Amino acid sequence: MTRSAPDILCIGSVLWDVIGRSPASMRIGSDVPGRIVRLPGGVALNVAMTLARLGLSPALLSVLGRDAAGDELMQEAGALGIETGFIYRSDDLPTDAYMAIEGAGGLVAAIADAHSLERAGARILAPLSDGRLGTPEAPWAGPVVLDGNLTEALLREIAASPLFARADLRVAPASPGKATRLQALMGHPSATLYVNLEEAGSLALTPFDTAAEAARALVARGVARVLVTDGGRPAALATPGLCLERTPPEVLVARVTGAGDTFMAAHVVADLAGADPAASLEAALLAAAAHVSGDRDP
Numbered sequence: 001m002t003r004s005a006p007d008i009l010c011i012g013s014v015l016w017d018v019i020g021r022s023p024a025s026m027r028i029g030s031d032v033p034g035r036i037v038r039l040p041g042g043v044a045l046n047v048a049m050t051l052a053r054l055g056l057s058p059a060l061l062s063v064l065g066r067d068a069a070g071d072e073l074m075q076e077a078g079a080l081g082i083e084t085g086f087i088y089r090s091d092d093l094p095t096d097a098y099m100a101i102e103g104a105g106g107l108v109a110a111i112a113d114a115h116s117l118e119r120a121g122a123r124i125l126a127p128l129s130d131g132r133l134g135t136p137e138a139p140w141a142g143p144v145v146l147d148g149n150l151t152e153a154l155l156r157e158i159a160a161s162p163l164f165a166r167a168d169l170r171v172a173p174a175s176p177g178k179a180t181r182l183q184a185l186m187g188h189p190s191a192t193l194y195v196n197l198e199e200a201g202s203l204a205l206t207p208f209d210t211a212a213e214a215a216r217a218l219v220a221r222g223v224a225r226v227l228v229t230d231g232g233r234p235a236a237l238a239t240p241g242l243c244l245e246r247t248p249p250e251v252l253v254a255r256v257t258g259a260g261d262t263f264m265a266a267h268v269v270a271d272l273a274g275a276d277p278a279a280s281l282e283a284a285l286l287a288a289a290a291h292v293s294g295d296r297d298p
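159 is the number that full-length UniProt numbering gives to position 159 of the sequence shown; each next residue is one higher, with no gaps.
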């Protein structure tokens, strides 16, 4: 049963993160002691969790299997104040999962199994056309977070769809390897892209040395607004005619998974509250620093 209308929609991956963390430096073949945790995750859910913590009422559009893992995720997300009533529950697709190894130097390796999301395709968008959240004639007119785990074909469909004609799109790749999928939205007039330096290079098909260089180049290629992060080095926000740089706070890195999603959510909240570009960028960097330092719940 759904509650009142949400403030923002988060469309994309909702899955279980299985993350192994060790303070040791690792290479291929390393076998080290550490901790293994299982947490609700996926870009859409990670962003939604931060949005809910910061006072918004997000709703998820995604796919979960009718399995124990899906039931648990529904319960976990609902308990955090996230609307789950629009999620497509599949009888034949399992709940997706993500597995990562983090060591002293950060992320060592990760595998994202988002095959169910990819196979569900446009079925997850049904609430935007059947009247629950909108129709082609009266489309959703609020902010929408889009996750790069969606297929390139679906992102292209979204870019041209009347269902998103009035939406404020906030778009993030799931990984550098999936960043090129966002090319479908590079010329969209209401799309804001959130990428790290490597993802920016993948999207532009050229490497960059700094976040500011990458941000300017993406705007020159038609992106309406972009935020580029680069770990502990300066991040940048750019629009046509504007490029801002800010340096993240120095912190000890305790974890990295979910940092980009936290950055994105904090920027969205500050931006929607009316903060100016510099203040919204600074708020996002502070939130991401708190996340990677372990000041938030793991």
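By construction, these hints were calculated from the structure, which means they are not laboratory data.
A few of these clues could be false.
Distance windows between CB atoms, simulated [what the hints assert, rightly or not]:
#1 Arg-233 with Ile-111: 24 to 34 Å
#2 Ala-153 with Gly-294: 31 to 41 Å
#3 Pro-23 with Pro-136: 45 to 55 Å
#4 Arg-123 with Val-37: 26 to 36 Å
#5 Leu-107 with Ala-5: 19 to 29 Å
Since the model is a prediction, treat every value here as computed from it, not as a measurement.
Heads up, the beta-carbon is just placed ideally off N, CA and C, and yes, glycines get one too.
Each hint tested on the structure:
1. Arg-233 with Ile-111: 24 to 34 Å: 27 Å, holds
2. Ala-153 with Gly-294: 31 to 41 Å: 38 Å, holds
3. Pro-23 with Pro-136: 45 to 55 Å: Cβ of Pro-23 to Cβ of Pro-136: about 53 Å, so the range 45 to 55 Å holds.
4. Arg-123 with Val-37: 26 to 36 Å: Between Arg-123 and Val-37, where Cβ atoms are some 31 Å apart, the hint holds.
5. Leu-107 with Ala-5: 19 to 29 Å: 37 Å, violated
Against the hints set out earlier in the document, a violation occurs for number 5 only.
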